[in-house]
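Chains as they are written, first to last, in the numbering used here: chain A, 140 to 446; chain B, 10 to 476.
Calculated from the structure, these hints are not laboratory results.
Careful: at least some of the hints might be erroneous.
As the list claims (entries may be wrong) - FRET-style restraints, in silico, Cβ to Cβ:
1) 443/A with 452/B: 46 to 52 Å
2) 370/A with 346/B: 40 to 46 Å
3) 370/A with 465/B: 26 to 32 Å
4) 193/A with 452/B: 46 to 52 Å
5) 326/A with 466/B: 46 to 52 Å
Stated by the list, open to error - Some, not all, of what chain B presents toward chain A, calculated at C-beta under 10 Å:
6) 104
7) 162
8) 170
9) 232
10) 262
11) 264
12) 310
13) 354
Claimed, not checked - Residues on chain B that point at chain A, a partial pick, calculated with CB under 8 Å:
14) 109
15) 205
16) 250
As the structure is a computational prediction, the values presented were derived from the model and not from experiment.
Ideal placement from N, C-alpha and C gives every residue a C-beta, glycine not left out.
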Amino acid sequence: MSATVAAPTELAIHRSGARRMGFFTDTTTCIGCKACEVACKQWNDLPADGSQFKPGGGYDHTGELSASTWRHVRFVELLEPSPALQAEAMGALPAIPPAGELPDLVAMAQGVGNKWVFMSDVCKHCTNAGCLDACPTGALIRTEHETVVLQADVCNGCGYCVPACPFGVVDRDPVDGRAGKCTLCYDRLEDGLEPACAKACPTDSIQFGPYEELVDQAGRRVLELHKRGIEGAYLYGAGDEPEHDLAGGLGAFFLLTEAPERYGLPAEADSPIQENLVAATAAALGAGLLAAAAAAVIFTTARRGRG
Amino acid sequence: MSGDGGQPGESPLGLPAEPPAPEPHEEPPASTAGRDESWTADHDTTTRDATPALGTRGEPASWRRAVPGAKVALARPGWGDAGWSYLFGRDTSYAEAEPDPDAVAAANERMRSQTPVEPVHGPVIHAAVWTWEVPLYFWFGGMASGASFAALAADIAGDEASARVARKVALATVLPAPALLIADLGRPGRFLNMLRIFKPRSPMNLGAWCLVAFSAAGAGAVGADVLGAGRAGRRLGALQATLGSYLGSYTGVLLATTAVPIWARSRVFLGPIFVATATATGAGATRLTLAALGQAEDHPTHVALARMEAGAILAELALSTINERRLGRAGEALAHGTPARLSRIAKTLVSSGLLLPLIARGRARRPAQNVASLLYLAGGLAFRFAWVEAGKASAHDDDAVALMARGSVTADERLRVGTEQRALSEDRPPLADGGPVKVLRAWSAAVGRASLFAESVLKRVRPRSPA
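The shape of chain B in the complex, shown without the other chains (with noise of 0.2 Å):
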C-alpha cells in the first residue's frame, strides 16, 4: 500500500494529512437577554403582521378552484376520508362496551353535580373588550332618554315652551351617542351592518335601531317645532320618549344577557337602575338648560325638574344597595379595586347632590341646585364606568363563574330558568320565500354592499391596541 505514491500530503489511506480546521463559527452570545429581547419583539401584538396569505383584509375571500366544482384530491363523498384517520375502529378495544344511556348520564351528572371544585383552572371566560367609549355611550343615551321623558311631562303638564327646549336637549345629547358606538367597534367602517337585518333577540340590534328610530324622531320633533308645527312636534315628541323608555334600559339588558357573573345575576335590578340613572342624568341636563336660558326658580317645571332629579337619584340609590346586597359572591367585583372606587365616587358624589339643596339658604339655593345637577350628571357618569369595570373584573373572577354556573353565586339563587325560555330555541320553520323575504335579501345586499364601500373608502382601518 505504502507504494502507491499518491499526491504528496496525503496519507495512504487517502485520507488528508492534517485534520481540517475547524468551521469558524459565531461565538456563543455571553447571556441570553439578547434572544430573550428578540423573542419579546417577534411576539409582540402590537406589531404583529395579520396580513392573511389570500385575498385582501375585510373582503370576501378571492381564493377560487381552477376549474368550476373541480375534486378536490383524495377526497371521499361523505367525509369519508375522516374514517382514515380512525385509530379506534369496531375491532380494538377502545370502545368496547354495550352502550347504555341511563349509565353515561348518571356518570355525567354524578361528575357535573359535586360540591364546588378548588382552584378553578380559568380563565372560564372572556371579558368584555369594551372600553371608555361603551360608558360613555350609556351616559348620552341614558341622558337623551331622560330628557324626553322631560320634554314629554312638561306637555302633558302644558307648559310647551319647557317641552321644546328638553327635545332639543335630546337631540342635542343623543348625538354623540352614534359617534361613540361607531368609534367602539373592531371595523368602524362597518356600523351599517348593525342595521342590515332585525334582530329582537339580540339587544345590541335591538338597540341600534332604536337608537336609529330615536335620534329620527328627535330630528323630526326638533324641526317641526323650528317650523312651528307643535302638534307634529308633541306627537314626535311622545313617540321619542315611548323610544326612550327603552333606549334608556336596553344598555341594562345588554349587559345583563351575558355569562358575566355580576351582570347576569342583577339581571332585573340592571335595567331599572340604568333607567334611574338615565332619568336623573337627563332631568339634570334639561333644568341646567332651561336655568341658563333664565327660566325663574319658582317656575313649576324648574320645580317638577328638581323633584324628577331627586327621586330618580334615590331610586338608583335604593335599587343598587339592595342589589348589591342580594349579589352575594357575585357583587365581589363591585366591592373591590377600580369598580368599588368608582362606585364609592359615585355614590357621593350623587350623595352630596341629594344633600346640597337642603342645606342651602337664601340666595345660595339657585346655585346649590345647579351645582346639585351637575353631581348627579357626573355621579351617572361614574355609575355607567363603575359597571362596566365591575363586568369586566367579574369575568376574570373565575371562582364566582364557577359558583354561578353550579348556581350557588347570590344570595337569593334562583332556580335555573325552566323550559319555558328555552322555547326561543324550537325548531322554527324557514321563512317562506314571498315578496317580504325579497324586500329582506335586497336590504341586505345594500347593506353589505354600503358597508363593503365604507370600509374601502376608509382603506386602513385605525390598527386598535389591546387595551
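Next comes chain A alone, as it looks inside the complex (with noise of 0.2 Å):
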C-alpha cells in the first residue's frame, strides 16, 4: 500500500532476475534542442531552476544537473582559433579576400578546431552506484529494471547522496528540502511506456532499450563512425574490458567524440563507498580503539607514578 513499506531486498545492490533496460545517448546527432530537459521537466513535474546565460557557457542556460533537472543538455564550446585567425588577433586588419576571389566555406568548416559538441547529460544508472551505498534511508533503490530510483516518500534529505556520485548528478532540492535525480521514467516504465526524453528527442540521439541490444547498437555506431573518419568515437560506460569499466558498467552511457573532461565527466569512476569503505574504516576503527587503550595506559601509568 504505503511505498514506505520497503523490503529489505533492497541491501542487495543487483536484483536477481532484473532486466536490465537503459539509455544510448549519441553525441553525433544531439542537435542541442533541450526538448529531453523540458519533456523531463513536464512528465516528472519538475520547477525550473532558473535559467542564466554564464560567460564561456556555451549559450547553456541550465548549466547541470540537479535535484529539478534531470536530464541536461550540456554545450560545450572547443575553441581553437586558426592560424589566421590568430594572426588577425595580434592587430592585424582582418583578411578580406579579394573581388571574385570566395572563401572555401567547407573547408572553413572542417578545417579549423572550433567546435560547439552537445551532450544530453543523466543519471547514470551505474552498476556500482555510489549513491545507492550512500543513501543512510534506502530512499535510493534498485528497481527491477535494474535502474537506481529516489523514493521521494521515504528521503529525508540527509545529503549524502550529493558527494558521493562521482558523476555529479544528484542534488539536494534547496526548497523541498530532499535528494533528486532521473528515475528513468520508472512509472512510464511499469505502464510500457519508453521515458519522456527519449520519446521526445527528434533526433534519436537518446535511445532507451533493452540493455544489450542497446550496447550492440552502439558498437557498432562507434564502428561506423571510425569507418567514416571520426577517429575520435568511443563509448563512454559500456563496451570496456572489465577492469576499466566505469562504476561497474553505466546502465545510461554515452557515444562521445572528445575527451571525457570536455563533457564534465570522469575518465574513471567507482562508487567511492566502495573504493573506500574498507580501508577508511579500519583505520578509523583502529584508531579509536588505539586512542581508547592510550588512554587507558597513560591513566595507569600517571596513578602508578604516584604510587
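With the hints as a guide, bring the two chains together.
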C-alpha cells in the first residue's frame, strides 16, 4: 500500500531476475534542442531552476544537473582559433578576400578546431552506484529494471548521496529539502512506455531499450563512425574491458567524440564507498580503539607514578 | 461597377474609405531594466513554488487509475512504443558496421587514457550541501567519544569518582548531537527513516545507529551511577567507550567515502585525525569539568587527562602535516581561502595550547592548564569546520576531480582498488521470506508511518534558503 514499506531486499545491490533497461545517448546526432529537458520537466513535474547564461557557457542556460533538472544538455564550446584568426588577433586587419575570390566555406568549416558539441547528460544508473551505497534511509533502491530510483517519500534529505556521486548527478533541492534525480521514468516503464526524454528526442540521440541490445547497437555505431573517418568516437560507460569499466558499467551510457573531461565527466569512476569504505573504516576504527587503549595506559601509569 | 451604389463612405471595392486607425499599443519600455528585474523575480529560487500538480508534498502519490489495471492508450507490451520512435533501424546506415567488441574497447581505452585534458568543462561533481550543523555535530560527537575514553581509562586506573564525572560529561556532550543531525536534514521530520534499515555499507546509517546506541549506553551508565549500581555503570561505560571508538571516527569515514578529492584521498588519515581531535576535546572537556568541581592539580587523573589531551593534539598535528604533504594537487583546497584560514586558526590555537603549560610557572600553572584545554576545544572546532569547508572547495576544483579520476592527483597515488573490494557488488541472493524478514518489514513499516506522522504534525517544514 504505502511505498514506505520497502522490502529488506533493497540491501542487495542487484536484483535477481531483473531485465536491465538503459539509455544510449549518441552525442553525434544531438542538435542541442533541449527537448529532452523540457519533456523530463513536464513528465516529472519538476520546477524551473532559473535559467541564466554564463560567460563561456556556450549558451547553455541550465548549467548542470540538479535536484530539479534530471536531463541536462551540456553545450561545450571547443575553441581552437585557426592560425589565420590568431594572426588577425595580433593586430593585423581582418583579411578581406579579393573581389571575385570566395572563401572555401566547406574547408573553413572542416579545417579549424572550433566545435560546439552537445551532450544530453543524465543519471548514469551505475552498476556500482555511489548514491545507492551511501543512502542511509534506503530511499535509493535498485528496481526490477536495474535502474537506481530515489523514493521521494522516504528520503529525509541528509544530503550524503550528493558528494557520493562521482558524476555530480544527484543533488538536494534547497526548497523541497529532498534529493532528486532521474528515475529513468520508472512510472512510465511500469506502463510499458519509454522514458519521456527518449520519446521526445527528435533525432534519436537518446535511445532507450534493453541494455544488451543498446550496447550492441552503440558498438556498431562507433565502428560505423570510425569507418566514416571520425576516429575519436568511443563509448563512455559500456563496451569496456572489465578492469576498465566505469562504476561497474553504466546503465545510461554515451557515445562521445572528445575526451571525457570536455563533457565534465571523470575518466575513471567507481562507487566511492566501494573504493574507500574498507580502508577508511579499518584505519578509523583502529585509531579509535588505539586512542581508548592509549588513554587507559596513560591513566594507569599516572596513578602508578604517583603511588 | 461605379453604379452599384452602396453605403456612403465605402469604396466601390467594398473597402473602408479610410484606413483603420492603428490599434493603440503599449509604449515600448525605455530600457530593458524592468524586464530583467521581473525575469530575476520569476527565477528567484527562494520564492519558487514547488507545489506538485498531484498529491501532497512528502506523502505517497495519490494518483490512481480510474479502472484498476486499465491499459494505457497506445502502450505496447515490453516497451514496444520505444520501437516506434527509432529513427535508425537496421536498414539505415546509422550503425551498419559489423560488431567488434575488441575494437570498441580499444577505442574507449584510447580516448579515456589520454594525457590530462585542459580545460575541464565542469562542474564534474556536486559539493556537499551540509551547513554549519554538520561540523558542529562532528565536534560534539567527538567530544562525547573522547570523554567516554577518559571514563573507561579512569575506571581501569581505579578512580571511580572521576569516571562517574567523565560519563556525565560524555552524556551531556552527546545530547546536542542528535538535534544538530536532525536540524541539518532537508526533511527533519523524517529523521527516524535513518533507523528504518540497518545498512553497514552506509557510514551515515551506521553512524546514526551508533549515535543512538552510544546515547542509550551513556544514559544507562549515568542512570546506574545515580542509582548507586556501580558495577552496571562501569560495564555500560565500557560499552559506551567501545561504541565511542566508532562514533568519534566514523565521521572521518563518512567524508572519506565520497567522490570529493581531498576527502577521498585522505581516506586512511581522516579517521585517525578525527579520533585525535575527538580524544583531545573529550579529555579537555572532562578535565575542565573536574577542575571546576575542585579536583586537585596533582591528582593522578588530572595529570593523566592533561597528558591525554597533549598527546592527542600532537598526534593530530603530526597526522595532519603528513597528510597535507602527501595530498599534492588534491590538497590545494586546504591551502587556499576559507579552509586554509580555518586550518591556520586551528593550528595556532592548539599550538598555543601546547606551549602555554610549558612556559607557565608557579601560581599561573593551573589557569594556564585550563586555558590550554579551552584552546584545544576551540582548535578542535576549527579543525572540523576546516575539513568540511575544504571538501566543498575541493568538489568545486574541477581539475583536481578530473586528475583524481585519472589516478594522478596525490603525491603517492596508489593503484586503483582491485577486484577484491568490488566483491561488495557481487550478486547476492535475496533474503529468504522467513521470520526475521517479517520483523524487518514490520519495523520498516512502523518507522515509515511514524515518520510520516511526525511530518504531518510538523505540517510545514521550515523552508531552507540556499546557502
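Against the earlier hints, flag every one the structure doesn't satisfy and list their numbers going up. 3, 5, 8, 9 and 13
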